[in-house]
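Undergrad: Protein chains in written order, with this note's numbering: chain A, 859 to 1132; chain B, 2 to 447; chain C, 83 to 432.
Please keep in mind that the hints were generated in silico from the structure rather than gathered at the bench.
Keep in mind the model is a prediction, meaning the values are calculated, not measured.
Check before you lean on any hint, since a few could be wrong.
What the hints assert, rightly or not - Distance condition first, Cα-Cα at most 25 angstroms in a straight line; then the derived DSS-like pairs of lysine-lysine:
(1) Lys194(C) x Lys248(C)
(2) Lys114(B) x Lys131(B)
(3) Lys412(C) x Lys374(C)
(4) Lys412(C) x Lys1041(A)
(5) Lys144(B) x Lys131(B)
(6) Lys1041(A) x Lys1121(A)
(7) Lys232(C) x Lys1041(A)
(8) Lys144(B) x Lys114(B)
(9) Lys232(C) x Lys185(C)
(10) Lys325(B) x Lys1121(A)
(11) Lys1041(A) x Lys194(C)
The primary structure of each chain is shown beneath.
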Amino acid sequence: MTSNYRSWPMILALGVVTIPLVLMYVYLFVDTVTNTAPGSVVPHEFTGEHWRFLWETLPGRPSIYVATLNTFVFATATTLIVLAISSTAGYAISRLNVPFRAFFLAGVMVLHAFPTVTLIIAIFLILQFIGLYNTLIGVILVKAALELPFGIWIMKGFYDTVPWEIEMAGIQDGASRLTVWRKLVLPQVMPAVMALGIFSFLAGWSEFILPLVLAPDNKVQVLSVYLAALIADDNNFDMALFKSVGVFYVVPVIIMFLFFQGKLMSIYGGGTKG
Amino acid sequence: MLRASPDGEAMSGSRILGLLLLAPAFVFVVLFFLAPVVLTAVFALTNMSTATGITGGAYQVTQSAMRELGERHGEQALADALARVRYTVDPAGIDAATAEGASTALVSELDRKLAGESFDSRRELERAIKALDNRPRGTRALKSLSALFERSIVNTRFATEEEFFGAVAGLGIELNATQRAALLATTYTGWTWTSENFSRMFSLPDTKRTFLNTIIYVFATLIVFNTGFALVLSIVTHYMPDRPAGIFRAIWLLPRISPPVLYVLLWKWLAWDTGFLSRILVPLGFESRNWMLDNPTNAWVFIVLINGFVGASMGMLIFSAAIKSIPVSLFYASEVDGANRWQQVRYVILPQLRWPILFITCYQSLSLLTSFEYILLATEGGPGGATKVWALAAYLTALNNYAGNLEYGYGAALALVLVVVGVILSLAYLRLFDFKSLVAPPPIEQ
Amino acid sequence: MRILLEKFTKSFGSLTVIDEMDLEIDDGEMVALLGPSGCGKSTTLFAICGIHRVSGGRILFGDRDVSSVPSQQRNVGVVFQSYALYPHLTVAQNIGFPLMIRKESNADIARKVDEIAELVHIGNLLERRPAQLSGGQQQRVALARALVRKPDVLLLDEPLANLDAKLRLEMRSEIRRIQRETGITAVLVTHDQVEAMSMCDRIAIMNEGRIVQIAEPMEMYDNPASDFVAGFLGNPPIAFVDGVVTNGRFATASGAMTVSLPFNAGERERKIRLGIRPEFFRPGGTQPVAGKITFVEAQGRETLYDVALEDGQILRSIQTATNAATVGEKVNWGIDVERILMFDEDGARL
């Protein structure tokens, strides 16, 4: 902060604590393209064999590309639903004179603060009842619903920062509330919509429990379930293969993180699960 | 010209728009929050499981049903009668004999002399068949023929009460009213209403252990990492130039942005028998083992580390933002006054972080209480249930266990406890953080 | 267009902010609503433009009752304190927005925007965005946007509060010029008496939800209806001295100041309060008062003095900057008694 205190002891101390984390991630990448002799920590040769899942389908598993496509569809569809619904509902709660507004807001806050994965048993049975078990649509709807309170809450917060006078000016200029929202307010919160979109996409991309419970079949399998099933299979233990699939799985996430770090931090800091 | 009373038409414009904009969210909330909460409560009062199914049930005389009939209802004689195998020469059996290739003469003689007769044992039936003129030659042929007339209602599923009682009557068993009721209760394979889940929850020693595990998990992770280490991270990076501070924050965000499956895989790689820890420690004379699952203490250390590394980042971001909002002049002033770094932290930074710390504590206590994803991936509650927390117990009971019988009812009861605790806590937190200030009425009154 | 408020009442929940207020503003007139913060002037403005709904009474534009007409259909132009320009639109799009909402043709919009931009002198800024403009320029854009669709009424909510002193001076005369040129009926909400006096035809002074006095600026300055009005108008502010009047002779309780008043305040002894504007307390004034200088503020052309009487009450004097009196000096300046304002115990003008 100020020059009165030296910063290197801080950097050194935190550096030491951070080593395990750095090691884990460095070896994640190194191990996918090298072989290491048992008992050693230094790789002795390069190899591409750990990436064989890219050109041959592993026994008993769906093709990695099917799983990737499923994951992409899952994450994208959830994101679109979350964005559409949170940007409208957030505005209504933030700005409009809706009856029971306080009640809605309290509801959203309780749901937002309340990790809903405990409801998964009931949801599992509901999906079975309505025949959406083991379908992408079912798990997409559920994931979108579980993300909604957070999305509405975040959007409400961003709408709150748009000056009321902008809205009053729009009304004086003759615009209806709907037009004011679409033409004047929504453009102001576009950065927030972007940030929420990226966040939702990453959340969908990473989701594990919901697809595991609600859509475990090979046809609709997503990468998280694919990787977990691979790891859980005791007969084919191959850490380097797991890691290669893992890298394949995590690289899009890391790229998005690097590009949108600032935006994401504003959302992660805004209060999320975990 | 639009004319309206002050609370009438003109105002309804924004109301209707508001309701329209809220409608989709409302539908989702009802379908996937309210309905599941209600259903969780409903399921908690049933004995639903894989065995009972979730739709309706059928009536089936099973071994366990008959045991229950004898033990619970004192109808051992009835149970034995139902379980007994009979041999009856009925049209179905005779048709089967034709199909199996029995001679026409034998079939017609069977039909003529034995049709409708019932035998208590196979030997009696076979004796009767041997007495026939066209009896089959050889013991094997006799045995396969008599097998065709073996009749039992054991393990047959009857969709309705009528069919079931019809079949029982077909065995020649007369039932009185109590016997009927007892029989229906014991042979019904579908789910029924019961409060047993809760009495079971309170009586099982497992519950107490799971409860204690949950307390350990929430508090250890919360205190050590989600607030404690998050504070350290935000304060230490505050005393750094921007560049290293940014790098450290980005690294500590990695666990949060990594998909859980991959992130836990990295820890497994660290802890596996042939993993990184073993490779380093074996040359130092330690024995190679799975460091994560070796003993309960180790498992707990790993569980707290795994969750804590993820949880620390949210506190780090929020505390960092709060520190950033402290006016720089305050830091200068305290330094001019001769404060050392620790005093600056103690008297300038920490007082400003009171509310953020309270917020993180409240928020994350709730998140931790109901999260189980990382534990499921890392230890699955092991070794021997040592790290099984409440949410995980509910999940394993209802949706995934080795025994294969998924107990939806009992799992829902476990989950319901969390739902209730969660709602109570979040309402309490709402009060704490002054909910009213968030719902000031909108100034545009139309 | 004439604006008429009849028994206008506004309450928020159980709190009544404005109770049965009457106000008439003539066609083409510019009226200031002047008062301290929280006096209800902004609430009145918001009710005129329709953002707030009236709780009682009527608001008429001309002969048309607009009390229940939504903002969108009232044809009122508003300039907000923060200007409320739409950040994502260019200046031209900002000004053209009301026309676009009315679905006018692009050619019409472009022509009208150009016209109004000429009027407010921002013709060269049309392609910029609000963030690239200075405060004064933003102000002009906001005015242009409010005027472009030829509103019946122009409302200005503290339009100069966010400008620095020099710009404020400039925009004062600019707004007045534009209002005169367009001949539009305008209401200015402000807490700054200089703004109100210099820009408006009439001033309505408000306090605690009611109009205390409404008059032309100089008339109000010379003949305030109450000590509140007298205290609100004038810079530097008027000084008040409390005391007792008997037979036309005023004395403070301690006798530190006595003057004979030219007005008949009745025979009986009664408590009154005198208001003495700084320009009427000076060397050479008609009735001398002794005091000690406690504060001197050189303002350049003029110098302001605080003079404490023996009992601690303060008189203020403003003089051309020639006198070299200093703090602590005892002076014996005079009051122009015929210009003294006299109020009764409750503050009403006598």
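Undergrad: Could you run down the list of hints and mark each one as holding or not?
TA: To see whether the hints hold, each was checked on the structure:
1. Distance check on the hinted pair: Lys194(C) and Lys248(C) sit about 30 angstroms apart at the alpha-carbon level, beyond 25 angstroms; violated.
2. A hinted pair counts as satisfied when its Cα atoms are at most 25 angstroms apart, and Lys114(B) with Lys131(B) qualifies at roughly 12 angstroms.
3. Pair hint Lys412(C) plus Lys374(C) holds up; C-alpha atoms about 4 angstroms apart against a cutoff of 25 angstroms.
4. Under the criterion of a C-alpha separation no larger than 25 angstroms, the hint pairing Lys412(C) with Lys1041(A) is inconsistent with the structure, at around 67 angstroms.
5. A hinted pair counts as satisfied when its Cα atoms are at most 25 angstroms apart, and Lys144(B) with Lys131(B) qualifies at roughly 11 angstroms.
6. The hinted pair formed by Lys1041(A) and Lys1121(A) meets the criterion: a straight-line CA distance of about 23 angstroms does not exceed 25 angstroms.
7. At roughly 22 angstroms between alpha-carbon atoms, Lys232(C) and Lys1041(A) fall within 25 angstroms of each other, so this suggested pair holds.
8. Distance restraint check for Lys144(B) and Lys114(B): the Cα-Cα separation of roughly 19 angstroms lies within the 25 angstroms cut-off, and the hinted pair is therefore satisfied.
9. Proposed proximity of Lys232(C) and Lys185(C) is supported: the alpha carbons are some 15 angstroms apart, at most 25 angstroms.
10. The suggested pairing of Lys325(B) with Lys1121(A) holds, with an alpha-carbon distance near 17 angstroms, which does not exceed 25 angstroms.
11. For the hint pairing Lys1041(A) with Lys194(C), the CA-to-CA distance comes to about 21 angstroms; that is within 25 angstroms, so the pair holds.
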